[in-house]
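Input sequences plus hints: build the corresponding full structure.
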Amino acid sequence: QKEVEQDPGPLSVPEGAIVSLNCTYSNSAFQYFMWYRQYSRKGPELLMYTYSSGNKEDGRFTAQVDKSSKYISLFIRDSQPSDSATYLCAMEDYKLSFGAGTTVTVRA
Amino acid sequence: GAVVSQHPSRVICKSGTSVKIECRSLDFQATTMFWYRQFPKQSLMLMATSNEGSKATYEQGVEKDKFLINHASLTLSTLTVTSAHPEDSSFYICSARLAGGSETQYFGPGTRLLVL
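Protein sequences appear in the order of chains D and L. First residue of the first sequence: 27, per the numbering used here; consecutive thereafter. First residue of the second sequence: 32, per the numbering used here; consecutive thereafter.
Simulated from the structure, these hints should not be mistaken for lab results. Certain hints may be false.
Derived BS3-like pairs (lysine-lysine); straight-line CA-CA distance at most 25 Å [claimed, not checked]:
1. D/Lys-93 with D/Lys-121
2. D/Lys-121 with L/Lys-86
3. D/Lys-28 with D/Lys-93
4. D/Lys-82 with D/Lys-96
5. L/Lys-86 with L/Lys-97
6. D/Lys-28 with L/Lys-72
7. D/Lys-121 with D/Lys-28
8. L/Lys-95 with L/Lys-51
9. L/Lys-45 with D/Lys-121
10. L/Lys-45 with L/Lys-97
11. D/Lys-82 with D/Lys-121
12. D/Lys-68 with L/Lys-72
13. L/Lys-51 with L/Lys-86
14. D/Lys-96 with D/Lys-28
15. L/Lys-51 with L/Lys-97
16. D/Lys-96 with D/Lys-121
17. D/Lys-121 with L/Lys-72
18. D/Lys-82 with D/Lys-93
19. L/Lys-45 with D/Lys-68
20. D/Lys-121 with D/Lys-68
21. L/Lys-45 with L/Lys-95
22. D/Lys-96 with L/Lys-51
23. L/Lys-95 with D/Lys-121
Encoded structure:
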């Protein structure tokens, strides 16, 4: 079993829809939780960073962490075609462990 | 914000040659840098952790004699793929952690290596 599970998709939504992404994990030692966005053939770009259970909002992005369920989510409101990318969840104890990434396409 | 660069962005080489990839933190000092490898449609896999002035720590299954890492300064780490073979073709990405800062890693744009 992988430490971090993420559905690779692909996920296709119309412009303006809410994109919902999630990951589950098995390692209780993970302390920090992140979401990265990666465009094709580029390095990952940090979107959200949290270290506790609860919600964190930044513009159109909301990250949720539920440590009791070992489950994290990312929501993208009012999605735009420019949001089309692969979204990677990542978690850290002493090193980063990444999910497989979910490929998202926002249709104009 | 924290910017990490990599050079070259793309390299094609013949089998058996060595390739050096540079990772630089442009506007901050990084005591720790990380090297990842990403195969097509797969996630990033940590290869090694590089600390300035000390030997790198390699993940299980990564050959330290094949992937040489040098972290000579607080802004530069290099990865040398020695005697590269076609199976080493991949996307290599470095990241850097702010010295004395949070746990956040900032990633470079990646280097695509193709070994013929």
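Here's how the hints hold up against the structure:
no., hint, verdict
1, D/Lys-93 with D/Lys-121, "holds, 18 Å"
2, D/Lys-121 with L/Lys-86, "holds, 17 Å"
3, D/Lys-28 with D/Lys-93, "holds, 17 Å"
4, D/Lys-82 with D/Lys-96, "holds, 17 Å"
5, L/Lys-86 with L/Lys-97, "holds, 15 Å"
6, D/Lys-28 with L/Lys-72, "holds, 16 Å"
7, D/Lys-121 with D/Lys-28, "holds, 15 Å"
8, L/Lys-95 with L/Lys-51, "holds, 14 Å"
9, L/Lys-45 with D/Lys-121, "violated, 33 Å"
10, L/Lys-45 with L/Lys-97, "holds, 16 Å"
11, D/Lys-82 with D/Lys-121, "holds, 22 Å"
12, D/Lys-68 with L/Lys-72, "holds, 13 Å"
13, L/Lys-51 with L/Lys-86, "holds, 17 Å"
14, D/Lys-96 with D/Lys-28, "holds, 13 Å"
15, L/Lys-51 with L/Lys-97, "holds, 12 Å"
16, D/Lys-96 with D/Lys-121, "holds, 17 Å"
17, D/Lys-121 with L/Lys-72, "holds, 21 Å"
18, D/Lys-82 with D/Lys-93, "holds, 14 Å"
19, L/Lys-45 with D/Lys-68, "holds, 24 Å"
20, D/Lys-121 with D/Lys-68, "holds, 21 Å"
21, L/Lys-45 with L/Lys-95, "holds, 21 Å"
22, D/Lys-96 with L/Lys-51, "violated, 39 Å"
23, L/Lys-95 with D/Lys-121, "holds, 18 Å"
Consistency with the previously given hints fails for numbers 9 and 22, ordered from lowest to highest.
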